[in-house]
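Visitor: Each chain, written out:
2 protein chains.
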Amino acid sequence: MSTGHHEASWRLPESDPLAATDIEHFKALARTAERGTFDSLFLADGPVLWGDVAQRPAGVIEPLTLLTVLAAATEHIGLIATASTTYNSPYNLARRFSSLDHVSAGRAGWNIVTTAGPAAARNFGLDDAPAHAQRYERAAEFTEVVKKLWDSWEDDVYVGDKKLGVWGDQRKIHPPRHQGTYFSVEGALNVPRSPQGYPLLVQAGSSEDGKDFAARYAEAVFTAQQTLAEARSFYADLKARTLAAGRDPEGVKILPGLVPVIGSTEAEARLRDAQLEELITYEHGRRTLSELLQIPLDQLDLDSRLPENLPPPELINGAQSRYELVVELARRDKLTVRELIGRLGGGRGHRTFAGTPEQVADEIELWFTGGAADGFNIMPPVLPSGLEVFVDEVVPILRRRGLFRTAYVPGETLRARYGLPRPDATRSASKRTDIDTRTGSKS
Amino acid sequence: MSTGHHEASWRLPESDPLAATDIEHFKALARTAERGTFDSLFLADGPVLWGDVAQRPAGVIEPLTLLTVLAAATEHIGLIATASTTYNSPYNLARRFSSLDHVSAGRAGWNIVTTAGPAAARNFGLDDAPAHAQRYERAAEFTEVVKKLWDSWEDDVYVGDKKLGVWGDQRKIHPPRHQGTYFSVEGALNVPRSPQGYPLLVQAGSSEDGKDFAARYAEAVFTAQQTLAEARSFYADLKARTLAAGRDPEGVKILPGLVPVIGSTEAEARLRDAQLEELITYEHGRRTLSELLQIPLDQLDLDSRLPENLPPPELINGAQSRYELVVELARRDKLTVRELIGRLGGGRGHRTFAGTPEQVADEIELWFTGGAADGFNIMPPVLPSGLEVFVDEVVPILRRRGLFRTAYVPGETLRARYGLPRPDATRSASKRTDIDTRTGSKS
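The listed protein sequences derive, respectively, from chains A and B.
Position 44, counted from 1, in the first sequence is what full-length UniProt numbering calls 44; the numbers after and before it change by one each time, with no gaps.
Position 190, counted from 1, in the second sequence is what full-length UniProt numbering calls 190; the numbers after and before it change by one each time, with no gaps.
Among the clues, some could well be false.
Any copy will do: because identical chains look the same in the list, a pair fits if it lies in one copy or spans two.
Said to hold, decoys possible - Dumping the calculated DSBU-like pairs for lysine-lysine here, alpha-carbon to alpha-carbon at most 35 Å:
#, residue 1, residue 2
1, Lys163, Lys334
2, Lys334, Lys162
3, Lys239, Lys163
4, Lys334, Lys27
Hint data in this document are derived by calculation from the structure and do not stem from the laboratory.
Could you build all of it, start to finish, from the sequences and the hints given here?
Guide: Below, the structure is given as structure tokens:
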């Protein structure tokens with residue numbers, strides 16, 4: 001949320017409840033993050049208006065549009081937008097990400113999501129979202145197709161012979177000619193190959209299907225992990241799956257979410273956390289929980305625990321890993337629904353940590369050096385103040401400890417910042433010709 | 001095309017053949033147009049890579065992305081992007097145009113097109129484009145749905161009571177609950193109502209279906225007209241159809257294309273035109289003509305006239321009005337295929353006029369005061385030089401004659417600049433409630 005990741009942040013005196021449509025607010029955030037030499041900015045998204053506008057700020061600028069504005073307002077920071085494979089077509093989305101990569105000089109990233117829930121489905125002519133496994137099957141084919149589109153121009157198509165009137169070399173254009181289960185896409189992209197070749201490919205679902213998808217395609221993974229032990233186990237599991245999928249485990253960066261509540265003393269930080277919790281609208285939290293856990297509203301009593309006998313996550317056609325995390329958290333800490341809502345208010349399942357800048361840096365170091373994280377998705381509870389204090393107070397500590405960069409490499413792409421190679425369109429195109437030959441179509 | 005509307009413009013020594021992906025090039029164009037107090041910038045589009053990249057510059061930045069960049073680089077000028085109703089979904093497109101309207105403070109326009117031809121269709125899982133009439137039927141429903149989405153937020157949803165924790169008023173949110181032939185769209189947009197309410201609605205097809213569509217929905221119409229008589233007749237026809245559709249004819253502005261080839265003497269302008277014509281690659285022109293007229297390549301001999309017995313336009317499942325214009329031009333002026341390609345090279349069917357700044361201003365005045373145009377779509381043959389000379393030499397003459405503004409009204413929206421009212425979401429929502437009641441669905 002634009003006023004911060006704590007759902008009640010908009011109610012603080014310092015917050016602007018209309019920040020979501022104020023591009024100056026986002027420009028200032030992006031510049032602060034760039035001052036802190038962050039890798040990238042990340043915008044979540046779903047093509048739907050959630051819930052009741054009474055209960056929290058609603059309505060946003062569409063993420064690729066907003067990141068295009070921020071590309072012009074910044075120089076170095078990566079720009080990662082969420083977009084759904086269930087409610088887009090590959091040709092349109094490949095164009096848009098390639099275009100963002102062009103206008104940002106190689107700073108674009110795509111957070112690939114499948115979009116759970118019936119509300120979004122009903123905005124696109126469906127009664128409900130396709131089943132979980134089917135959404136991921138479509139996501140895999142979608143990703144294959146957009147990669148073919150991004151590879152449909154070699155780097156050196158341009159010839160530019162004005163005298164002879166030859167602009168480009170058609171032999172270096174490789175139409176996908178894709179015929180699949182979900183998509184048929186014949187022609188080459190109408191955008192030349194972008195600075196990064198592909199945007200950085202990001203994934204954020206931690207279900208079984210999600211982890212398998214990440215192992216095959218993702219170069220960065222956002223994940224919600226509540227404890228160091230769980231985060232280590234997720235980290236090891238995903239790296240192993242990546243290796244099993246035939247990829248270098250170093251090629252996927254694992255980035256747990258962290259909601260840092262920062263105070264000059266630990267007591268001050270805890271007080272700040274408690275003050276935010278007091279501002280939570282529990283009726284809103286109950287409704288959100290009812291949707292996430294697919295439990296009827298009347299079975300969620302604020303002062304009781306969650307109902308017994310909840311179905312296993314694999315029977316949930318929604319956000320399976322978030323469901324599992326929330327149910328486990330409630331059971332482990334024996335929380336009432338009210339307490340659970342309080343815990344989730346900070347980061348909707350992401351870990352909240354309240355402490356001094358030194359303590360926050362310690363936690364980050366512990367997870368980073370302890371096999372639990374390659375980096376973090378920092379989700380300040382209140383914006384812009386929570387980002388400013390992180391950049392001014394925590395980042396310098398991390399830098400002093402040699403854990404974080406002190407400056408950007410000028411002109412570096414997002415992909416290079418993550419230590420990833422630039423995809424080779426030539427190799428991909430020749431590989432594709434082989435496949436086409438085997439299936440009998442001409443290439 | 002980014003180097004100019006003449007197809008051979010990229011071959012001039014002054015042109016940058018890579019201008020299409022150079023955002024600085026477009027920023028400079030936008031600023032020049034703003035210096036000339038133009039109404040707006042307009043970007044054409046089709047989701048397809050046309051033809052052979054050997055024969056002319058290919059590959060562009062996706063228009064809404066580029067206009068978002070230009071929104072940040074300019075202050076006043078309108079930003080009109082073409083987008084297809086055949087290859088988009090209403091929810092996604094409504095979001096994107098609403099977002100552009102937000103980030104440009106009310107300067108967005110949508111050129112509504114249906115996208116002819118099989119090449120684009122094959123990028124979206126179809127073998128060929130839907131039939132002409134069906135495309136327009138879908139376009140009409142598409143437009144109705146996006147208008148409902150733009151009206152799904154009243155202007156004053158925001159309440160902002162931090163104390164009580166009430167952000168907005170859900171009663172002022174009106175989900176479309178649209179169930180139609182082509183689309184089902186249930187929920188409200190997730191973007192608050194934008195500065196203009198709707199972007200300016202533009203249309204550019206001049207077929208029978210196109211004119212009927214324009215009469216119902218368009219607020220500005222781009223059209224290709226070769227002679228004053230034809231332009232007058234088109235103008236009168238479209239204004240009459242608009243009246244017949246129950247709208248104020250003043251509510252649709254008719255803007256013929258004009259390719260001004262400007263010289264300090266008439267002879268110099270004609271020489272410049274001839275020099276550009278010499279640079280045309282006739283094989284490319286022949287292929288383009290074959291596609292447009294749907295005549296096999298081997299029946300187009302460069303030194304003969306067009307074949308006899310061409311089908312009537314209503315049997316063409318493509319750009320019907322452009323087909324009709326080109327065939328009429330060839331017949332009227334008894335042109336060989338080579339001569340026809342030369343004539344079309346300047347503006348692909350739009351009128352080319354070569355002369356001094358005074359003569360160009362005279363032509364504009366003649367059409368403007370003679371019932372043929374409410375304004376013009378100026379398509380310089382070479383960019384940026386052709387725009388610069390128009391702004392520096394022609395605009396001052398038009399201003400002196402009292403035909404054109406000398407400055408922008410600060411903060412004016414594009415819609416206001418066209419003398420159009422801001423749509424009223426409240427009225428539209430109550431109208432929709434009536435319809436919903438009659439059809440028995442709840443609202």
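Visitor: Could you run down the list of hints and mark each one as holding or not?
Guide: Hint check:
In this assembly of identical chains, Lys163 and Lys334 lie within 35 Å of each other by CA distance solely across copies; the values are 31 Å between and 78 Å within a copy. When the C-alpha separation of Lys334 and Lys162 is checked against a cutoff of 35 Å, the pair qualifies only between copies, where the shortest distance is 31 Å, while the shortest distance within a copy is 74 Å. Neither within a single protomer nor between protomers do Lys239 and Lys163 lie at most 35 Å apart by alpha-carbon distance, with minima of 54 Å and 47 Å respectively. Taking the shortest Cα distances, Lys334 and Lys27 never come within 35 Å of each other, neither inside one copy (42 Å) nor across copies (59 Å).
Of the numbered hints given earlier, the model fails hints 3 and 4; all others are met.
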